[in-house]
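Asks: The primary structure of each chain is shown beneath.
There are 2 protein chains.
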Amino acid sequence: MANKPSIPKGTRDFTPQEMARRNYIFDTIRSVFRLYGFQQIETPAMENLSTLMGKYGEEGDKLLFKILNSGDWKQGITGEQFLNSSIPQLTNKVSEKGLRYDLTVPFARFVVQNREKIQFPFKRYQIQPVWRADRPQRGRYREFYQCDVDVIGTDSLLSELELIQIVEEVYRRLGIRVCLHLNNRKILAGIAEVIGAPDKLTDITVAIDKLDKIGLDNVNQELREKGLSDKSIERLQPILAMSGSNEDKLRTIAEVLAASETGRKGVEETKSVLELCEQTGVALNIELDLTLARGLNYYTGAIFEVKALDVEMGSITGGGRYDNLTGIFGMPGVSGVGISFGADRIYDVLNQLDLYPQTSQEQTQVLFAHFGEAERAYCLKWAKQLREAGINTEVYPEICKIKKQMNYADQKQIPFVAIAGGDEMQNDTVMLKNMQTGEQEEVDTTTLIKNIRILRI
Amino acid sequence: MANKPSIPKGTRDFTPQEMARRNYIFDTIRSVFRLYGFQQIETPAMENLSTLMGKYGEEGDKLLFKILNSGDWKQGITGEQFLNSSIPQLTNKVSEKGLRYDLTVPFARFVVQNREKIQFPFKRYQIQPVWRADRPQRGRYREFYQCDVDVIGTDSLLSELELIQIVEEVYRRLGIRVCLHLNNRKILAGIAEVIGAPDKLTDITVAIDKLDKIGLDNVNQELREKGLSDKSIERLQPILAMSGSNEDKLRTIAEVLAASETGRKGVEETKSVLELCEQTGVALNIELDLTLARGLNYYTGAIFEVKALDVEMGSITGGGRYDNLTGIFGMPGVSGVGISFGADRIYDVLNQLDLYPQTSQEQTQVLFAHFGEAERAYCLKWAKQLREAGINTEVYPEICKIKKQMNYADQKQIPFVAIAGGDEMQNDTVMLKNMQTGEQEEVDTTTLIKNIRILRI
Chain C
1 MANKPSIPKG TRDFTPQEMA RRNYIFDTIR SVFRLYGFQQ IETPAMENLS TLMGKYGEEG
61 DKLLFKILNS GDWKQGITGE QFLNSSIPQL TNKVSEKGLR YDLTVPFARF VVQNREKIQF
121 PFKRYQIQPV WRADRPQRGR YREFYQCDVD VIGTDSLLSE LELIQIVEEV YRRLGIRVCL
181 HLNNRKILAG IAEVIGAPDK LTDITVAIDK LDKIGLDNVN QELREKGLSD KSIERLQPIL
241 AMSGSNEDKL RTIAEVLAAS ETGRKGVEET KSVLELCEQT GVALNIELDL TLARGLNYYT
301 GAIFEVKALD VEMGSITGGG RYDNLTGIFG MPGVSGVGIS FGADRIYDVL NQLDLYPQTS
361 QEQTQVLFAH FGEAERAYCL KWAKQLREAG INTEVYPEIC KIKKQMNYAD QKQIPFVAIA
421 GGDEMQNDTV MLKNMQTGEQ EEVDTTTLIK NIRILRI
Chain U
1 MANKPSIPKG TRDFTPQEMA RRNYIFDTIR SVFRLYGFQQ IETPAMENLS TLMGKYGEEG
61 DKLLFKILNS GDWKQGITGE QFLNSSIPQL TNKVSEKGLR YDLTVPFARF VVQNREKIQF
121 PFKRYQIQPV WRADRPQRGR YREFYQCDVD VIGTDSLLSE LELIQIVEEV YRRLGIRVCL
181 HLNNRKILAG IAEVIGAPDK LTDITVAIDK LDKIGLDNVN QELREKGLSD KSIERLQPIL
241 AMSGSNEDKL RTIAEVLAAS ETGRKGVEET KSVLELCEQT GVALNIELDL TLARGLNYYT
301 GAIFEVKALD VEMGSITGGG RYDNLTGIFG MPGVSGVGIS FGADRIYDVL NQLDLYPQTS
361 QEQTQVLFAH FGEAERAYCL KWAKQLREAG INTEVYPEIC KIKKQMNYAD QKQIPFVAIA
421 GGDEMQNDTV MLKNMQTGEQ EEVDTTTLIK NIRILRI
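Protein sequence lines, in the order shown, are assigned to chains C and U. Count the first sequence with this note's numbering and you get residues 1 to 457, in order. Count the second sequence with this note's numbering and you get residues 1 to 457, in order.
These aren't lab readings, by the way, just hints derived from the structure by calculation. There's no promise every hint is true.
If chains are identical, the list can't say which one is meant, so a pair holds when it fits in one copy or spans any two.
With a Cα cut of at most 20 Å, we get these calculated SDA-like pairs of lysine to any residue [claimed, not checked]: (1) Lys117 / Asp13; (2) Lys412 / Ala20; (3) Lys401 / Phe120; (4) Lys213 / Asp310; (5) Lys384 / Ser156; (6) Lys381 / Ile399; (7) Lys307 / Asp209; (8) Lys412 / Glu18; (9) Lys117 / Arg12.
Isolated chain C, as found in the complex (with noise of 0.2 Å):
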């Protein structure tokens, strides 16, 4: 064909199956997030300008999709200044509106614009999807869901204590086994202060991030090259050196950090959380992991970053306790913490491990087959008792042979046909056949809703 039609670089249809498994992905997260009160919230997909430019650095600036202005778009732009002006200039002229880059600045205005319309501590969960003009790669997309769950108006611990409860249940639920690495910024910024170099708080984490990667003696030859100087340097070595139960490190770095407060503060809110896991029996595997950084510069306590274990990927979710997110919306001092799930590669892991559950509720149940137009007024009547009975259930549209009907049936993986020709109509029933064992059996109504739901338990 001339012009198989297709879709943008980098975005994606969902089939039926797809969406099953994306599904059971969201429904999961979804309950869990419910199950300790956090409650829904929806934002446009596009935002004013003037809300995201500027939160995502120069670089995200440039990764937003921004809309052109509707109508007369080039309206009192002059050809000199077209010809003139900067790419972001000019954008900025044919352009007031983006598609939203990420769930959290959404969150923070809509925080600050329907602040009366909402009870502090705020409990919201967020699942729609982003997009972001990167250069798509395998695994990397234009349009992609985030899952953002999020407590903002309270600075207890026992938000960090319920965020690492969450993800335990959801993986649990999964069925993904998981180390959920944490850390504090307080602690990163009093390791800056302790070592003499509060300024070079964001090349120290970058540097100690790699420490898997690339090994100590060229992390230390990064921080050199970054300016820090061998005094420094040495006395970060203990720090990059630690090893041990959560409780060992602990020790240790509240030593070192001994005289910074923000140090202190940090190792006291580690603790504080380690502990309401322990007194909660979070069962999950919690590791304190004083390299763990995260890029993202508004964290200003606790970070957290979730690995599968049995998969080789990034981290499947993450995120941290913020001070000041809604400052830059006008309202300041507001202290929240929340995470992301990230759909897109929970999806990976889990096609990686095999772990999608066999049947799906959005599955149709039965077929019914037929051999013509009054079978299939018998099916009909058939039909209609099994939906009310809350079964999903397809008769076949056209009269055709009953060799394409089950076809149909196996194609779409539809568990059950029941088949009824002129035998069946005389009895009242139908032939049952089991899809996956080949057997069949003649049953009437009552022991056909039976036999359905004890078989897709």
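Given the coordinates of chain C, work out where chain U should sit on it, guided by the hints.
Replies: Frame of chain C, contents of chain U only:
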């Protein structure tokens, strides 16, 4: 505050309460779709403009939101071209992608592009937002959800029946009394044919469509102005004057259309659909409405519109059969039929009739309130048990006055508050307060779980 943030005109934030109501609508619709074996797909928010342009008429092209190309989007455009090109020409140079305008065109594109992965007849549903650069006004938004359900790849009238059954079941579950208006494009074509004005089909349907509003005389006047002969108009009169039961109307129209093959086919199809409804006990109020035309010109068979009986409101569901939707993408001759539920209007109807259920799955059922650190730790253990029993539970995160905690429960409409003080801790109980009745009772865990389960039903 100086810069209270805002969102683009015609878009909306949805608060938790609004989301709970919207989810109630979507969940109801979705569960009925599944009951009939329809499966979900999703398509990207962005489509290539080549997919979208020309599909919605000239006006539609203007109403598409276009996305500015990434990077140096003005590259290759000279100052002269900029000044002298028309807006559409220039838009074409700076934008390759647009936001989807409806779910129908992306669905057609999906079917053609994924035809190898699809089992026909393909029964799909799709619930996603669409965007239109319409002038925002009361009840008209620039971003809104559509809920579409279609069968494609069969011309069996069983599909029309199923859609009617779905309409019946969705509105039964929502508690909205409705009337389904039914017509057939072939009947309309037959009418144009027999009155001697086959080329005036659109003018006739547009005029007929206004019968309710402007009356018979004005309709005739309009037809005259559109160039219909007096003879044609005279022949149309019995059709416009038609009344009585669906059977009466069908009988009359069959006589009028006896000379038109297309017309006879339309009558035949309509009769069959009504018979199928009869056979399967459809109790829905169905009215054969020969003045129903529906604007979209891809319809070729049955057309539907659903109106609420107890609220003044336009159509809340509509659709019809199309014989060649995928033809625009090079896959001709595939017949399908579908309808679309208007979530925003249904939302308004439910609000006006006050039909939302009192309780919601999404709601927190119990808040644990406490007097201090030790009590909070005690509450955390209880909360764990309740969550394990599937009860949405919160523990107030901060140590603060009970009044503040009660106020939080009140604002968030949490039906139960469980208070733990020293006595309760000693007795291994909590004081359970019913927030509606004000009653309170000291209970143990088992009783607590049992009470909440009973009371929330």
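Asks: Identify every previously stated hint that the structure contradicts and give their numbers, smallest first.
Replies: Of the numbered hints, all hold.
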